[in-house]
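Colleague: Note that the protein sequences, when read in sequence, are chains A and B. Take the first sequence: its position 174, counting from 1, is numbered 174 in my numbering, and each next residue is one higher. Take the second sequence: its position 114, counting from 1, is numbered 114 in my numbering, and each next residue is one higher.
Calculated from the structure, these hints are not laboratory results. For every residue, glycine included, the Cβ atom is placed at its ideal position computed from N, Cα and C. Certain hints may be false.
To be verified - Chain A is nowhere near these chain B residues, computed Cβ spacing over 12 Å in every case:
| no. | residue |
| --- | --- |
| 1 | His-64 |
| 2 | Lys-298 |
| 3 | Glu-322 |
What the hints assert, rightly or not - FRET-style restraints, in silico, Cβ to Cβ:
| no. | chain 1 | residue 1 | chain 2 | residue 2 | range |
| --- | --- | --- | --- | --- | --- |
| 4 | B | Pro-112 | A | Gly-46 | 20 to 28 Å |
| 5 | B | Cys-330 | A | Lys-86 | 53 to 61 Å |
| 6 | B | Ala-56 | A | Thr-105 | 56 to 64 Å |
| 7 | B | Ala-185 | A | Arg-158 | 26 to 34 Å |
| 8 | A | Asp-57 | B | Gln-356 | 24 to 32 Å |
One letter stands for each residue in the lines below.
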Amino acid sequence: MTEEIIIAGFGGQGVLSMGKILAYSGVMANQEVTWFPSYGPEMRGGTANVTVILSDDRISSPIINEFDTAIILNQQSMDKFESMVKPGGVLIYDPNGIIHSPKRTDINIYKIEGTLIAAELGNVKTFNMVVLGAYLKAKPVVKMESVEKGLEKSLPSRHHYMIPMNLEAVQKGYESLELVQVV
Amino acid sequence: MGELRLMKGNEVIAEAAIRCGCDGYFGYPITPQSEVMETLMDREPWNETGMVVLQAESEIASIHMVYGAAASGKKVLTSSSSPGISLMAEGISYIAGAELPCLIVNVQRGGPGLGTIQPSQADYFQSTKGGGHGDYRLIVLAPSSVQEMNDFVELGFKLAFKYRNPAMILSDGAIGQMMEKVVLADYIPRMTTEEIDKKYGSWATNGKKVNRQKNVITSLEMDSLKMEVNNQRLQAKYAKMEEEEVLFEEIQCEDAEYILVAFGSSSRVCQKSVDIAREKGIKLGLLRPITLFPFPKKPIAALAKRVKGFLVVEMNAGQMVEDVQLAVGCGLPVKHYGRMGGIIPTPSEVVDALEQKLIGG
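Work out the full structure: start from the sequences and follow the hints.
Modeller: Dropping the structure here:
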């Protein structure tokens with residue numbers, strides 16, 4: 001198994017940390033992983049993206065130009081990355097902030113109301129975990145127990161009290177993925 | 001087995017330095033390597049192993065602090081990115097001339113000048129051919145993964161002390177900023193004053209003892225005849241490195257008709273290019289130099305006897321390609337494919353270049 005993912009959105013949405021938690025979940029499941037961020041002069045409000053690769057084998061290039069899955073969280077990222085999903089691949093997006101819906105007809109498309117759900121959960125910062133949950137429903141590349149271990153490893157221990165809240169968000173996202181188009 | 005973590009390449013340099021019993025780090029922040037010192041400051045190793053971590057006032061000050069500490073037999077390192085390494089070049093030449101061991105980490109960014117903060121491999125010439133003045137060489141290690149960022153800290157120090165010569169880890173922004181799984185090394189205790197004296201007392205300026213001559217650390221020799229002897233000693237040392245310390249990796253070269261040569265992050269891209277090319281029926285292999293000096297001339301010359309051509313893939317305008325051409329000699333095509341300014345080539349782009357420049361041409 002090799003899964004090549006791009007997660008793209010605004011800085012501040014938790015794009016990089018979502019990627020890190022996913023990567024750490026892969027480590028906990030004994031997979032090979034790479035996490036490669038855009039590290040330009042981006043800041044809160046600018047665009048941010050990260051490429052995560054999970055694999056059972058040695059990972060060659062951490063830099064790739066087509067993806068098995070794109071998780072898209074703003075319009076700029078939709079414009080840039082929709083065309084880079086492999087035919088038959090997966091695109092997941094949060095419709096909040098998306099003006100032009102994806103147009104590809106050769107990929108599987110899902111929606112997750114991450115912004116809304118995070119607000120309903122009472123903590124907008126759990127947005128990225130809602131989206132992570134939705135992704136794991138579409139692509140069960142790691143088990144939920146690995147995600148829990150991944151959270152433990154990637155969060156400093158002073159933040160461990162927030163793990164149950166985060167897992168709740170992951171679970172809620174997992175249950176809330178909406179299918180738009182299947183090929 | 002050591003502890004398993006998910007870490008950035010830059011963070012690992014710091015962790016590996018602490019764990020391998022390093023005595024000191026002197027540096028100055030610059031993107032994309034600032035996490036080295038950030039991690040060290042966060043870890044506070046002075047409380048744990050007694051390692052000194054100091055943010056100097058400039059890169060020039062950092063490298064001369066390294067010079068001073070290395071002169072006393074201490075295991076010390078600095079890190080920077082391309083423009084900062086240029087500032088250090090004078091000091092590096094002095095350290096090489098004075099024959100002192102130390103480790104320098106260059107997390108390259110695009111140049112020239114301030115350039116860009118994105119990854120590049122345009123400091124190949126600077127690292128392998130000099131950088132500073134005079135006939136000197138660095139031992140240059142090119143990691144292609146976060147695990148190798150970890151492993152090459154200890155290896156770099158080992159070679160630096162073996163040859164009393166500065167060693168460099170030539171990384172780039174991609175490997176510095178990327179997170180991968182890494183197995184950390186176990187702790188090696190720092191050497192005590194007595195141990196340093198016993199091992200390096202013949203040269204280190206760590207306090208003159210009554211029963212020995214004073215040690216003098218200098219790169220200066222006003223008598224040209226003696227200075228030539230000094231140079232000959234350096235050259236003999238570099239020749240020994242070329243005999244004994246060459247490291248490289250061959251991937252799918254056994255039946256290959258064409259060979260990619262790439263180091264560091266571009267070698268990772270090329271690994272995927274090999275897979276793509278083989279799916280197309282092109283018998284492609286990859287030779288990855290791990291030591292850039294000493295350069296793997298012999299393995300390249302050996303491949304040149306049985307392949308049809310080489311494509312050297314670098315994130316620069318064509319630097320290592322000259323060393324590959326020298327190793328191959330005449331008769332076989334050696335082409336270059338490069339991206340500059342902070343752009344990393346994609347795997348399929350490399351295959352396209354191979355088809356255009358070698359197979360089609």
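Colleague: Give me the numbers of the hints this structure contradicts, sorted from smallest to largest.
Modeller: Those not satisfied come down to hint 5.
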